[in-house]
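**Q** One letter stands for each residue in the lines below.
Protein chains: 2
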Amino acid sequence: MNRQIVLIGRPAAIPGPEHFELRTGPEPSLPDNGLIAETVALSVDPAMRGWVSAEANYLQPVALGSVMRSLGVARVLKSADPDWNEGDLFYGWTGWQDRVAISPEAILWRVDESLAPPSAWLSVLGLNGLTAAKGFAAFARAKPGETMLVTTAAGGVGSIVGQLAKRSGMRTVGLTSASKCDLAHDRYGYDIALDYRDVDLAGALDVSCPQGVDIFWDNVGGEIADLIFPRLAPGGRVIQCGTASIPSWSPWPEGPRRERDMVVKRLTWSGFLAFDGDDHANEAALATLRSLVAAGELNHDEQCMVGLEQAPAALAALYQGQNSGRIWVKP
Amino acid sequence: MNRQIVLIGRPAAIPGPEHFELRTGPEPSLPDNGLIAETVALSVDPAMRGWVSAEANYLQPVALGSVMRSLGVARVLKSADPDWNEGDLFYGWTGWQDRVAISPEAILWRVDESLAPPSAWLSVLGLNGLTAAKGFAAFARAKPGETMLVTTAAGGVGSIVGQLAKRSGMRTVGLTSASKCDLAHDRYGYDIALDYRDVDLAGALDVSCPQGVDIFWDNVGGEIADLIFPRLAPGGRVIQCGTASIPSWSPWPEGPRRERDMVVKRLTWSGFLAFDGDDHANEAALATLRSLVAAGELNHDEQCMVGLEQAPAALAALYQGQNSGRIWVKP
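Line by line, the protein sequences are chains A and B. Just so you know, the first sequence maps onto residues 12 to 342 in this note's numbering. Just so you know, the second sequence maps onto residues 12 to 342 in this note's numbering.
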């Protein structure tokens with residue numbers, strides 16, 4: 012029998028446990044040229060909000076009644092593909108379930124347990140790390156001494172990109188919740204960590220970024236971004252990695268126009284998805300991450316929730332910022 | 012005696028003749044290491060609105076009571092600089108006046124009358140051409156067959172950038188006033204020219220850009236830009252060259268948030284000013300323009316208004332879109 016978490020309702024904004032159901036299905040059968048694998052670590056990602064909404068964005072919506080889309084690490088049980096053997100571990104589109112029948116195209120890359128445990132391959136060596144390293148390499152144009160400001164600085168992406176920026180000789184300023192400021196500073200190396208709910212965040216930003224913000228790595232958008240744009244330095248780069256602060260795009264929200272800042276300050280604003288297929292950039296980013304992890308030079312933290320049935324609650328905890336470290340589910 | 016147009020009031024939005032005054036000053040005296048020159052063609056530019064506003068943007072505001080800042084072509088009368096001789100022509104920061112005492116740093120480049128008449132050096136071989144050629148080279152990442160949409164397609168910059176895009180093998184769609192659609196199509200080579208005031212502009216855009224917009228060269232911002240963003244193709248590039256449709260930034264206007272489009276469509280949005288000092292990029296852009304003009308392969312149009320005293324009215328005509336071709340003033 013195969014336990015699966017199935018999407019049963021579409022949230023208006025943030026998904027919660029009420030939108031999912033635990034179902035027990037039959038054992039999967041081996042696909043032609045594919046694999047059957049047992050999941051060992053399942054991912055819980057901010058992007059899931061977009062995947063379960065009715066509107067297609069960069070991926071088709073998850074269909075109602077089907078297994079929740081997720082990345083995961085799984086161990087091969089049976090293989091009809093000569094590249095994969097029983098016992099091999101991979102990172103790929105497993106879905107929230109105990110066992111998965113998967114074609115090789117849905118596998119992202121091999122997992123090497125000797126480098127880091129499976130759960131690390133969901134985070135610092137998975138999509139979070141790839142997002143941080145690839146976006147930073149592609150768009151930051153970092154110069155030593157410049158100031159980079161990161162929103163959700165203690166999150167899966169922000170904690171990594173802050174460390175990469177610091178290694179490039181930048182000053183790093185991170186925004187996070189009050190309870191995670193010490194973590195952002197002490198463990199992820201931010202020179203300054205600010206509470207994003209500070210009643211005088213504008214004043215705190217002025218003090219923290221006296222020369223303005225050269226690189227704005229934004230995971231949230233919205234009102235926080237509205238505070239940063241006026242503080243961007245000429246030649247500034249904005250890297251839009253997510254829009255976590257905006258619960259819904261229907262109706263489409265309004266905000267201050269950016270056109271004038273773009274021209275007068277000669278800004279470059281880049282949006283990106285780590286999924287974008289540039290194999291060379293992916294390989295370079297992953298090589299950087301693997302060597303840093305192997306050398307113990309990239310701090311990362313995890314929080315495990317045990318039991319497949321915990322996955323919807325883990326997702327809700329993620330959106331409430333209750334997690335401490337990158338959350339994952341052990342089925 | 013030296014006639015000068017002086018700024019006497021700050022407009023809340025669009026400058027008009029009431030904000031200027033014709034004054035007669037003394038003959039200028041030769042600066043140390045500088046030049047005295049006689050203006051032969053004076054520029055009238057959309058950017059002047061920003062230069063006369065109280066708020067500094069990329070240049071300090073023009074001081075009340077001082078000569079209106081402008082670019083112009085002038086002929087050297089006296090020189091204390093060995094690089095410049097009597098009779099030489101240059102393009103530089105002359106201001107709206109008959110004669111100018113100028114230091115060599117305020118000169119942009121030499122004017123070669125054998126290539127094109129002085130007025131052309133204000134437009135296609137001046138800041139307009141430089142803006143179009145430099146911005147296109149730096150940010151468009153043009154691919155044959157892609158669609159570029161240009162606002163103010165019949166204007167000083169739009170007329171040139173459309174021709175450059177066409178030469179790169181792109182489909183070009185231009186927005187302009189109804190009376191200039193034929194001009195944009197027939198003379199500036201736009202595949203499709205649309206009336207930006209069309210009551211069903213959205214529908215016209217859908218028909219004209221069935222695959223979406225790959226490059227959006229925007230001189231206006233505002234509500235027109237709000238129609239284009241949802242029609243940008245994945246990987247689209249937005250080049251923000253101006254914000255002509257927005258009369259005032261106080262109070263700061265609002266519009267649809269762009270964060271989601273930036274991420275989901277992996278957009279790159281670049282703002283720039285042709286002033287930005289990259290000598291290599293400037294030389295490359297100017298060389299392109301000069302060779303195209305010399306070969307007669309770049310159409311450009313001018314409208315001359317005679318008499319220094321016409322300059323404020325020429326500026327007002329520019330903002331009302333009454334001009335036909337790049338407007339300039341012969342003192």
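Derived by calculation from the structure, the hints in this document are not laboratory data. Quantities reported herein were computed from a predicted structural model and do not represent experimental measurements. Errors might be hidden in some of the hints.
In the SDA-like style, the derived pairs of lysine to any residue whose C-alpha atoms are separated by at most 20 Å in a straight line are [to be verified]:
id : chain 1 : residue 1 : chain 2 : residue 2
1  : B       : Lys276    : A       : Lys276
2  : B       : Lys276    : A       : Phe286
3  : B       : Lys154    : B       : Ser219
4  : A       : Lys276    : B       : Ser219
5  : B       : Lys276    : A       : Lys177
6  : A       : Lys276    : B       : Glu32
7  : A       : Lys177    : A       : Ala244
8  : B       : Lys276    : A       : Asp287
9  : B       : Lys154    : B       : Arg182
10 : B       : Lys276    : A       : Gln71
11 : A       : Lys276    : B       : Arg182
12 : A       : Lys276    : B       : Lys154
**Q** Each of the hints needs a verdict: does it hold here or not?
**A** Quick rundown of the hints versus the structure:
no.	hint	in the structure
1	B:Lys276 with A:Lys276	violated, 23 Å
2	B:Lys276 with A:Phe286	holds, 12 Å
3	B:Lys154 with B:Ser219	holds, 18 Å
4	A:Lys276 with B:Ser219	violated, 32 Å
5	B:Lys276 with A:Lys177	violated, 29 Å
6	A:Lys276 with B:Glu32	violated, 32 Å
7	A:Lys177 with A:Ala244	holds, 19 Å
8	B:Lys276 with A:Asp287	holds, 11 Å
9	B:Lys154 with B:Arg182	holds, 10 Å
10	B:Lys276 with A:Gln71	holds, 14 Å
11	A:Lys276 with B:Arg182	violated, 30 Å
12	A:Lys276 with B:Lys154	violated, 27 Å
The earlier numbered hints that this structure contradicts are 1, 4, 5, 6, 11, 12.
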